[in-house]
Amino acid sequence: MGRKLVRGIAAVAVASAMLLPGAAQPARADTDGGISDPIVDAALIAWNVYRSGGATPEQIVEFVRIVTGALTGLENEVIAHVDGIEAAEVLGQAAAVRIDMLDYHAIRDNEILLETFALDVGHYAQNAASKYEVVGRKAKDQIGLAAQVLYPITLTARTDAGWTGGLSEIEARYRDLNRAIVADLEPTCRSFSDPEPIPGQIFIRYECEAANGEKAYGIDHMVGNTWHSGPVNLEELKLEAARNSSWAAARRILAGQGQ
Amino acid sequence: MRHRLRTCLLAAGLAVVVTVVPTAAQAAPRTGQASAMAFDWTGLVVAVAGHLLGGGSSEDPSLREAVQQVVAAVEAAKADIIAHTELIASAEVQACARQHTIDVADIENMSNTVRQLWARDATGCATLATAYVTTVQTPQAVDNIGHVLPALFAIVVAARGRAGLTNGINLVIQDQIRSYEAVVAKLTPTCVKRGAKEPGFPREKWWECVAYNGDRGESAWVVAPAEPSRAQAEHIATRNTSRPAAVSALPRLRSLGV
Chain A
-12 MGRKLVRGIA
-2 AVAVASAMLL
8 PGAAQPARAD
18 TDGGISDPIV
28 DAALIAWNVY
38 RSGGATPEQI
48 VEFVRIVTGA
58 LTGLENEVIA
68 HVDGIEAAEV
78 LGQAAAVRID
88 MLDYHAIRDN
98 EILLETFALD
108 VGHYAQNAAS
118 KYEVVGRKAK
128 DQIGLAAQVL
138 YPITLTARTD
148 AGWTGGLSEI
158 EARYRDLNRA
168 IVADLEPTCR
178 SFSDPEPIPG
188 QIFIRYECEA
198 ANGEKAYGID
208 HMVGNTWHSG
218 PVNLEELKLE
228 AARNSSWAAA
238 RRILAGQGQ
Chain B
792 MRHRLRTCLL
802 AAGLAVVVTV
812 VPTAAQAAPR
822 TGQASAMAFD
832 WTGLVVAVAG
842 HLLGGGSSED
852 PSLREAVQQV
862 VAAVEAAKAD
872 IIAHTELIAS
882 AEVQACARQH
892 TIDVADIENM
902 SNTVRQLWAR
912 DATGCATLAT
922 AYVTTVQTPQ
932 AVDNIGHVLP
942 ALFAIVVAAR
952 GRAGLTNGIN
962 LVIQDQIRSY
972 EAVVAKLTPT
982 CVKRGAKEPG
992 FPREKWWECV
1002 AYNGDRGESA
1012 WVVAPAEPSR
1022 AQAEHIATRN
1032 TSRPAAVSAL
1042 PRLRSLGV
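As given, the protein sequences belong to chains A and B, one line each in that order.
Counted from 1, the first sequence has number 141 at position 154 by my numbering; the numbering is strictly sequential.
Counted from 1, the second sequence has number 843 at position 52 by my numbering; the numbering is strictly sequential.
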């Protein structure tokens, strides 16, 4: 009874949020974190929902808003240049979830529909994790991004449906996947020194490339004892290159979870 | 007042569709290749989606009428749609497109819960087809999916509209636009601009295009300073592909403003 009441209140709140203009926009689309911003936000809300064993109406409203923004970013950033059939399948499934999330208030009003939705998204997330193992670096990144959104939705929808039995295994699979992403998809960096060095000066150009092909650049330029540019922090340069890559999101999600 | 306006718009949209469907139904036996595309699927989608995007209810009689138009159109073109699905290389897309084409006939017989589940399944099928069509590279593979997309998206819009899952309709239309853009881009024929000059006559110019299936198209010959129409030659060359339907549908879908 109590749960039903909470669900009823949440349904109204979710429905209200849906009426807000720009509800599907990323949480912080104008910041420098790229697509990883809303993905990390969604993952950490889902983590809190998972740990507390229930979702408040406010959490559901915020989660729907952020996750639809994350999925919109995913579709805009990735789907136009999907790398291979495996990634296409996963991203097609993520696109379907994105559409359904806009109707989440209607879905959660129907117990069977909510449970089926939770099951389906769980299958999609598992499919993404399995496909991740068998594809190349760029497709791994695209599938990783999709999985990073699908798993939080699975955790939240199952919690919302009262299906808490398998959550710890699902959360563990999600954590393992993020660890694999951190290990597999670290941006690669190269440095180029001045071919004709000037005595008393240091000039080194750095280039880091993320798994999605995006790059970030930095320069160390020191004359005498004065830095005109740099010194470059390679970890920060990697994060900048990977702002639209699953690697940066995985690192931030794991850090946010204290892993 | 707004409701009446919306109902009138829907009725007007349906009137256009209703006049098109019988013609298409008559044309259906003519050629197995093109008949599934002869329906004004876009008119059906615009009528239903326009109603829902304008705030119309899933229970409005006018929406039910529009959904019935989709059902009737799918029934009339079912054999052709299924024939095209069998050419799709992806087993998943082939299976789901075929199944939803068959299932739509019973949309009014479903309980609302099953209808909502089925609408979600149909949506997943359409987004999968969109992902495939944006990924596959061979024109034949694109074309095979391209032939099925119009009916599939009409089913999805009707299904979600009838099931009351209407907030995501704008994203469905966005996906439909995205998939059609892929079809148009990937089935663009190879074209060459030609010119000829006979002594005593002005120079004439025209476009010649060859589609992936070998069909050729030639634009009308024009005399300078007029320029020949490349689009005309492209349209003629691709007449037996899914491209012309996608080309003509895009501005109408974009006009929904999603």
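These aren't lab readings, by the way, just hints derived from the structure by calculation.
As the structure is a computational prediction, the values presented were derived from the model and not from experiment.
Take the hints with a grain of salt, since some may be wrong.
[What the hints assert, rightly or not] The calculated SDA-like cross-link candidates involving lysine to any residue, where the alpha carbons are at most 20 Å apart (straight line), are:
| id | chain 1 | residue 1 | chain 2 | residue 2 |
| --- | --- | --- | --- | --- |
| 1 | A | Lys202 | A | Pro184 |
| 2 | B | Lys977 | B | Gly1005 |
| 3 | A | Lys202 | A | Gly243 |
| 4 | B | Lys984 | B | Ile968 |
| 5 | B | Lys984 | B | Ala1017 |
| 6 | A | Lys202 | A | Arg230 |
| 7 | B | Lys977 | A | Arg230 |
| 8 | A | Lys125 | B | Gln928 |
| 9 | B | Lys977 | A | Lys202 |
| 10 | B | Lys977 | B | Asn1031 |
| 11 | B | Lys977 | B | Ala1017 |
| 12 | B | Lys996 | B | Lys977 |
| 13 | B | Lys977 | A | Ala67 |
| 14 | B | Lys977 | A | Glu222 |
| 15 | B | Lys996 | B | Asn1031 |
[Said to hold, decoys possible] Output of the computed footprint for chain A on chain B, the stretches with three or more beta carbons under 8 Å from beta carbons of chain A:
| id | region |
| --- | --- |
| 16 | 890 to 896 |
| 17 | 909 to 915 |
| 18 | 920 to 930 |
[What the hints assert, rightly or not] Covered by chain B, according to a simulated footprint, are these stretches of chain A (three or more residues, beta-carbon under 8 Å):
| id | region |
| --- | --- |
| 19 | 64 to 71 |
| 20 | 76 to 82 |
| 21 | 211 to 219 |
The C-beta atom is built at its ideal place from N, Cα and C for all residues, glycine as well.
For each hint, the structure was consulted:
1. Lys202(A) <-> Pro184(A): Roughly 25 Å between the alpha carbons, so the hint for lysine 202(A) and proline 184(A) is violated.
2. Lys977(B) <-> Gly1005(B): Holds. Lysine 977(B) to glycine 1005(B) sits at ~15 Å (cutoff 20 Å).
3. Lys202(A) <-> Gly243(A): Judged against 20 Å, a Cα distance of about 25 Å means the pair is violated.
4. Lys984(B) <-> Ile968(B): Status violated; Cα separation ~29 Å.
5. Lys984(B) <-> Ala1017(B): Given pair lysine 984(B), alanine 1017(B) holds - Cα atoms ~13 Å apart, limit 20 Å.
6. Lys202(A) <-> Arg230(A): 10 Å, holds
7. Lys977(B) <-> Arg230(A): Since the Cα atoms of lysine 977(B) and arginine 230(A) sit roughly 30 Å apart, the hinted pair is violated (cutoff 20 Å).
8. Lys125(A) <-> Gln928(B): It holds: about 18 Å lies between the C-alpha atoms, which stays within 20 Å.
9. Lys977(B) <-> Lys202(A): Given that 20 Å is the threshold and the Cα spacing comes to 28 Å, the pair is violated.
10. Lys977(B) <-> Asn1031(B): Holds: lysine 977(B) and asparagine 1031(B) sit about 15 Å apart, inside 20 Å.
11. Lys977(B) <-> Ala1017(B): Violated. Lysine 977(B) to alanine 1017(B) sits at ~29 Å, over the 20 Å cutoff.
12. Lys996(B) <-> Lys977(B): 26 Å, violated
13. Lys977(B) <-> Ala67(A): Holds - the C-alpha atoms of alanine 67(A) and lysine 977(B) are around 13 Å apart, at most 20 Å.
14. Lys977(B) <-> Glu222(A): 40 Å, violated
15. Lys996(B) <-> Asn1031(B): 25 Å, violated
16. 890 to 896: That given contact is violated, which follows from only 0 residues of the region 890 to 896 of chain B lying within Cβ reach (below 8 Å) of chain A.
17. 909 to 915: holds (count 3)
18. 920 to 930: With 7 residues in contact (Cβ-Cβ under 8 Å with chain A), the coverage given for the region 920 to 930 of chain B holds.
19. 64 to 71: With 4 residues in contact (Cβ-Cβ under 8 Å with chain B), the coverage given for the region 64 to 71 of chain A holds.
20. 76 to 82: It holds, with 5 qualifying residues against the three required.
21. 211 to 219: Coverage by chain B is violated here, the residue count being 0 at a Cβ distance below 8 Å.
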